[in-house]
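J.: Take a look at the letters that make up each chain.
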Amino acid sequence: MGALNILVAVCLTYVALLFVVAFMAERAALRGRATWLRSPLVYTLSLSIYCTAWTFYGAVGNAARSGLEFLTIYIGPTLVMIGWWWGLRKLVRVGRTQRITSIADLISSRYGKSPLLAVFVTLIAVIGTTPYIALQLQSVTLSFASFAKVDPQAMQFADSDATALWVAGGLAVFTILFGTRNLDANERHHGVVMAIALEAVVKLFALVAVGIFVVWGLGGGVSETLARIDASDIGTWQVDNGRWAAMTMLSAAAFLTLPRMFQVLVVENENERHLRTASWAFPTYLMIMSLFVVPIAVVGLDVMPEGANPDQFVLTVPLSQGHQGLAMLSFLGGFSSATSMVIVAAIALSTMVSNHIVMPIWLPIAQGGAVISGDVRSVVLLSRRFSIVGVLALGYFYYRFSGGGAALTAIGLISFAGVAQFLPALMGAIFWRGSNHLGAMAGLLTGFLIWAYSLLLPSFGPGVFLSAEVLEHGLWGIGWLKPQALFGIEGLDPVVHTVLWSMSLNTGAFVLFSIVSFPQPLERLQGAQFVNVFQHSGNPQGWSGGVAQAEDLMVMAQRILGPVEAQALFQKAAVDQGLVGFLPEPTPEFLQSLERELAGSVGAATAHAMVSQIMGRATVSVEDLLAVADETAQMMEYSSQLEAKSTELSRTARQLRAANEKLTQLSVQKDAFLSQISHELRTPMTSIRSFSEILRDADELSPADLEKYANIIHQEAIRLTRLLDDLLDLSVLENGQVNLNIRQGALQDLISHAIASTGAETSGLSIRRSGIAESIMMETDLDRLAQVFINLIANAQKYCDADQPELTIQVTERGGYLIIDFTDNGSGIPAQAQDMVFEKFSRVSDRQAGGAGLGLAICREIMSRLGGAIAYLPGQGGASFRVSLPITLKMAAQ
Amino acid sequence: MSRKQSPLFLERRSYRVRRVMDAAKLMPFLGAALWAVPVLWSGEGENQVPTSRAILYIFLVWAALAAGTLFLTFWLDDSIDSDRKEGP
Numbered sequence: 001m002g003a004l005n006i007l008v009a010v011c012l013t014y015v016a017l018l019f020v021v022a023f024m025a026e027r028a029a030l031r032g033r034a035t036w037l038r039s040p041l042v043y044t045l046s047l048s049i050y051c052t053a054w055t056f057y058g059a060v061g062n063a064a065r066s067g068l069e070f071l072t073i074y075i076g077p078t079l080v081m082i083g084w085w086w087g088l089r090k091l092v093r094v095g096r097t098q099r100i101t102s103i104a105d106l107i108s109s110r111y112g113k114s115p116l117l118a119v120f121v122t123l124i125a126v127i128g129t130t131p132y133i134a135l136q137l138q139s140v141t142l143s144f145a146s147f148a149k150v151d152p153q154a155m156q157f158a159d160s161d162a163t164a165l166w167v168a169g170g171l172a173v174f175t176i177l178f179g180t181r182n183l184d185a186n187e188r189h190h191g192v193v194m195a196i197a198l199e200a201v202v203k204l205f206a207l208v209a210v211g212i213f214v215v216w217g218l219g220g221g222v223s224e225t226l227a228r229i230d231a232s233d234i235g236t237w238q239v240d241n242g243r244w245a246a247m248t249m250l251s252a253a254a255f256l257t258l259p260r261m262f263q264v265l266v267v268e269n270e271n272e273r274h275l276r277t278a279s280w281a282f283p284t285y286l287m288i289m290s291l292f293v294v295p296i297a298v299v300g301l302d303v304m305p306e307g308a309n310p311d312q313f314v315l316t317v318p319l320s321q322g323h324q325g326l327a328m329l330s331f332l333g334g335f336s337s338a339t340s341m342v343i344v345a346a347i348a349l350s351t352m353v354s355n356h357i358v359m360p361i362w363l364p365i366a367q368g369g370a371v372i373s374g375d376v377r378s379v380v381l382l383s384r385r386f387s388i389v390g391v392l393a394l395g396y397f398y399y400r401f402s403g404g405g406a407a408l409t410a411i412g413l414i415s416f417a418g419v420a421q422f423l424p425a426l427m428g429a430i431f432w433r434g435s436n437h438l439g440a441m442a443g444l445l446t447g448f449l450i451w452a453y454s455l456l457l458p459s460f461g462p463g464v465f466l467s468a469e470v471l472e473h474g475l476w477g478i479g480w481l482k483p484q485a486l487f488g489i490e491g492l493d494p495v496v497h498t499v500l501w502s503m504s505l506n507t508g509a510f511v512l513f514s515i516v517s518f519p520q521p522l523e524r525l526q527g528a529q530f531v532n533v534f535q536h537s538g539n540p541q542g543w544s545g546g547v548a549q550a551e552d553l554m555v556m557a558q559r560i561l562g563p564v565e566a567q568a569l570f571q572k573a574a575v576d577q578g579l580v581g582f583l584p585e586p587t588p589e590f591l592q593s594l595e596r597e598l599a600g601s602v603g604a605a606t607a608h609a610m611v612s613q614i615m616g617r618a619t620v621s622v623e624d625l626l627a628v629a630d631e632t633a634q635m636m637e638y639s640s641q642l643e644a645k646s647t648e649l650s651r652t653a654r655q656l657r658a659a660n661e662k663l664t665q666l667s668v669q670k671d672a673f674l675s676q677i678s679h680e681l682r683t684p685m686t687s688i689r690s691f692s693e694i695l696r697d698a699d700e701l702s703p704a705d706l707e708k709y710a711n712i713i714h715q716e717a718i719r720l721t722r723l724l725d726d727l728l729d730l731s732v733l734e735n736g737q738v739n740l741n742i743r744q745g746a747l748q749d750l751i752s753h754a755i756a757s758t759g760a761e762t763s764g765l766s767i768r769r770s771g772i773a774e775s776i777m778m779e780t781d782l783d784r785l786a787q788v789f790i791n792l793i794a795n796a797q798k799y800c801d802a803d804q805p806e807l808t809i810q811v812t813e814r815g816g817y818l819i820i821d822f823t824d825n826g827s828g829i830p831a832q833a834q835d836m837v838f839e840k841f842s843r844v845s846d847r848q849a850g851g852a853g854l855g856l857a858i859c860r861e862i863m864s865r866l867g868g869a870i871a872y873l874p875g876q877g878g879a880s881f882r883v884s885l886p887i888t889l890k891m892a893a894q
Numbered sequence: 001m002s003r004k005q006s007p008l009f010l011e012r013r014s015y016r017v018r019r020v021m022d023a024a025k026l027m028p029f030l031g032a033a034l035w036a037v038p039v040l041w042s043g044e045g046e047n048q049v050p051t052s053r054a055i056l057y058i059f060l061v062w063a064a065l066a067a068g069t070l071f072l073t074f075w076l077d078d079s080i081d082s083d084r085k086e087g088p
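For the protein sequence lines, the chains are A and B, in the order given.
Each residue of the first sequence is one higher than the one before, starting from 1 at the first, in my numbering.
Each residue of the second sequence is one higher than the one before, starting from 1 at the first, in my numbering.
The shape of chain A in the complex, shown without the other chains (with noise of 0.2 Å):
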């Protein structure tokens, strides 16, 4: 045992186990029946990614140098989460009701949806998480080496370097597998929650479990040990009173402000109510896991040799008395406190670079470009994939310029002093209406340089970035620019004195800075938006249903979403409103959705200002205004009511315009189809009475006049016969009278056929097949089904007007059905006529008129007789048919 290759394979089967479970626990919310995955145990649970190998490993250390100051980093977040009623509900619900997804979208979404505020705290978020996840890599790279110092003959990694940075690539591989393998549009995801929830019970058992074997198998007892802790280096209260006090109020504040912890608190949040089970749940783990750590390291300093380093006791320890066993549980809750934290960082992090910094760049360049295509999603997922690599590579560098030697904890407390610099926007945020974009701005600016000043180059050591020079006698040789001597204060401990400075100017310029400058209407907008948020939970912008362009937004959500889910959205929102086809009434509701859907792929901000660019711009309701002008509550719910009223009206109007409009349209079209089959049918009787009146009235007539009069008459016959079967076919077909032929045959033989019997070849009309493979077996009428497949080429080959026509042919499957797509280059049908194509006798224009406008209506009807559809699909770039069959009728190929 003990082995570092058996080491590395328990790893990496530990890994694979997380990877099953949050597998399955995808699955199982993906079919919906995960009720036990949202319950408020996992969530409690997913908040432990508070307690990093910093906790593990750290927090032993620190407590064998300095005593009980360790505890202070536990007891910040105790205070936040106890004190939930306050803050916690309140950003949970801005957070929900505002769909935000990340700490970097609420602060720029308060303050006016600013996209330059978006990027600066998305910069400080990597900046200051660097030095935290350097903090992973060398704690699991310190654990190995403890392992190896055991036994010296196990196969090793070249030194310490080379095992961070295998340790880092396998976390960024891991990252990515699990982080971005989907885009959700509230930025949740099951499955890693799923496995953190996992991660945390078994660090916590390992912590107690080496507790347990301290106390108990060591120590002597309880009261034994507490004597032996008394008697100690560590024996008595010496802890200095500011920084007491500082680090509390700083893990308070990183607790709320870390990207991660902002993921799981409030964007992983699936329901309110979670968060008062966690109130008091939480705290108790923190105090579980915190109960063991000063008996481990009063045990560790006693039984280890000198020199030893106390961060690595936890494994140390069990190590030394040849307990193997416990060791490596001890081993693999160390390392599952640093993976849960560097996962969900990574993934925090590069939720916040994509959705600000790479898509407000990327939009606009790529403007224009592949019209269909779901192009957006894919660059998303590559730019989050390059986020996390990029993060984790920072963090590797970190730890390399830093020089991986110094203490645990005092590079976590640097992490938290950066991150910590949010919170006076955060809380301006949601409790002060007065703050605004400018004020948190200068805010964070003050914050951020004092702290990367003063705490963050300082710890690279002199001459990596500040020469000794600097920090010696201050910038410029100005005593009052001492990095670690602000303003000429000595003495005063390097964290204690970057958290004074930095929070009290950061405090000082956002309020200075939100008092003399005056907000813009958005702001104040959305501040009265999140500081009432329990006053008017409602929807945050309601967008006016006006005359929209449906089909736009189709164009738009295909290009960013993928044609295929943006199809099926746009296709359940029209059947839940009760209509047919592809394109729903945009309503608010719709819209909403719309947006939200967006939203997960290119962050609110973006899909906001996308759908704006086609619905012009947001409308802030008559709600919304009232309530910033501090109106009476009834007024607001009266006149919201009336409008809520009043659109609805507007647009049952608007849909029975529609519908008349169809209704006249329709009788136009019987009109019309009276005189049409009056004509058509005249005319060839016309030239039948007529010529066979020469046939039969004169006398010598020469034989070929004979055959060519007789060619007439029949050829006369033929049409009148194939109109009159059109007409008998369709009426046979709408009495449900038809009888189907059903008989097996090949999808690809069936659309060949199709192509040959239209001469479609030889017309100048080009046809592309793609998609599955065709040669999928069916079992249907195939006569029926090739009629449908005729008709439509046939209409491509008479209708597409481009120079160069083109038939594009795919064949798709998907949920259960058989999806075949004729989609030419042509010009499309207009949007006015689109209802109408499949009516009887309807035609799109008088151009080229060739039948009676039988031929869609048939084509539906045979359709609805297979059991399947057939659509226009709008917002393809031409005229696009789809006929849809169940796969039901469909035979597995051989």
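Hints listed in this document are in silico derivations from the structure and should not be mistaken for laboratory results.
Quick caveat, the model's predicted, so the values are computed rather than measured.
Backbone N, C-alpha and C fix where the C-beta goes; we use that ideal spot for every residue, glycine too.
One thing to keep in mind: the hints can contain errors.
Below are the SDA-like pairs computed for lysine to any residue, each with C-alpha atoms no more than 20 Å apart in a straight line [unchecked claim]:
id: 1; chain 1: A; residue 1: Lys-90; chain 2: B; residue 2: Arg-19
id: 2; chain 1: B; residue 1: Lys-25; chain 2: A; residue 2: Ile-755
id: 3; chain 1: B; residue 1: Lys-25; chain 2: A; residue 2: Met-249
id: 4; chain 1: B; residue 1: Lys-25; chain 2: A; residue 2: Gly-87
id: 5; chain 1: B; residue 1: Lys-25; chain 2: A; residue 2: Val-531
id: 6; chain 1: A; residue 1: Lys-90; chain 2: B; residue 2: Trp-75
id: 7; chain 1: A; residue 1: Lys-90; chain 2: B; residue 2: Phe-29
id: 8; chain 1: B; residue 1: Lys-25; chain 2: A; residue 2: Arg-93
id: 9; chain 1: A; residue 1: Lys-90; chain 2: B; residue 2: Lys-25
id: 10; chain 1: B; residue 1: Lys-25; chain 2: A; residue 2: Thr-277
id: 11; chain 1: A; residue 1: Lys-90; chain 2: B; residue 2: Leu-76
id: 12; chain 1: A; residue 1: Lys-90; chain 2: B; residue 2: Pro-50
id: 13; chain 1: A; residue 1: Lys-90; chain 2: B; residue 2: Met-21
id: 14; chain 1: A; residue 1: Lys-798; chain 2: A; residue 2: Ile-755
id: 15; chain 1: B; residue 1: Lys-25; chain 2: A; residue 2: Arg-89
Example chain A residues on the side facing chain B (calculated, C-beta under 10 Å, incomplete) [stated by the list, open to error]:
id: 16; residue: Val-239
id: 17; residue: Phe-282
id: 18; residue: Phe-431
Only part of the chain B face toward chain A is listed, based on derived beta-carbon distances under 10 Å [to be verified]:
id: 19; residue: Leu-30
id: 20; residue: Ile-58
id: 21; residue: Thr-73
Let chain A serve as the given structure and place chain B on it in line with the hints.
T.: Relative to chain A, chain B alone:
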């Protein structure tokens, strides 16, 4: 805003719920005050506080706060909904 609209006096039950909300809001301040006590302990001389007693005190406060919060959540259980009804 809506608070101004709600009546000045409440029924007994909603009155009780309001006070529980107050208690829930005060919890973090209670915690901060109790955990600030160690700041008063002197670090020198005869009166030094042994670590074992410090651990005992801090963890007892911890357990009490968690239990208190748990107790309050039972009371708040139904009140979230009535809280929502308060708003317009």
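J.: Now tell me, hint by hint, if it's right for this structure.
T.: Hints and how they fare:
For the hint pairing Lys-90/A with Arg-19/B, the CA-to-CA distance comes to about 19 Å; that is within 20 Å, so the pair holds. A threshold of 20 Å between alpha carbons decides the hint, and for Lys-25/B with Ile-755/A the separation of about 75 Å lies outside it, so the pair is violated. Proximity of Lys-25/B to Met-249/A is assessed by CA-CA distance (about 18 Å); at most 20 Å being required, the pair is judged to hold. With a C-alpha separation of about 9 Å, the suggested pair Lys-25/B and Gly-87/A falls inside the 20 Å cut-off, and the hint holds.
With a C-alpha separation of about 17 Å, the suggested pair Lys-25/B and Val-531/A falls inside the 20 Å cut-off, and the hint holds. Distance hint between Lys-90/A and Trp-75/B is fulfilled; the C-alpha atoms sit about 19 Å from each other, no more than 20 Å. With a C-alpha separation of about 18 Å, the suggested pair Lys-90/A and Phe-29/B falls inside the 20 Å cut-off, and the hint holds. Distance restraint check for Lys-25/B and Arg-93/A: the Cα-Cα separation of roughly 17 Å lies within the 20 Å cut-off, and the hinted pair is therefore satisfied.
Between the alpha carbons of Lys-90/A and Lys-25/B the distance comes to roughly 13 Å, so the proposed pair stays at or under 20 Å and holds. In summary, the hint linking Lys-25/B to Thr-277/A is supported, as the alpha carbons are separated by about 16 Å, within the 20 Å threshold. Of the supplied pair hints, the one linking Lys-90/A and Leu-76/B holds, its CA atoms being roughly 15 Å apart against a limit of 20 Å. About 41 Å separates the Cα atoms of Lys-90/A and Pro-50/B, which puts this hinted pair outside 20 Å; it is violated.
For a cut-off of 20 Å, the pair hint linking Lys-90/A to Met-21/B stands: about 14 Å separates their Cα positions. Our distance criterion of 20 Å between C-alpha atoms is met by Lys-798/A and Ile-755/A, whose separation comes to about 14 Å. For a cut-off of 20 Å, the pair hint linking Lys-25/B to Arg-89/A stands: about 11 Å separates their Cα positions. Using the Cβ-Cβ criterion of 10 Å, the hint placing Val-239/A at the interface with chain B is satisfied: the shortest such distance is roughly 7 Å.
For Phe-282/A, the suggested interface contact is upheld, since its CB lies about 9 Å from the closest CB of chain B, less than 10 Å. A distance limit of 10 Å between C-beta atoms decides the matter here; for Phe-431/A the minimum to chain B is near 13 Å, and the interface restraint is violated. The criterion of a C-beta within 10 Å of any C-beta in chain A is met by Leu-30/B, whose closest approach is roughly 9 Å, and the hint holds. Taken as an interface hint, Ile-58/B checks out: its beta carbon lies about 6 Å from the nearest beta carbon of chain A, inside 10 Å.
Given the 10 Å rule on beta carbons, the hint for Thr-73/B holds: about 5 Å separates it from the nearest Cβ of chain A.
Hint violations for this structure: numbers 2, 12, 18, all remaining hints satisfied.
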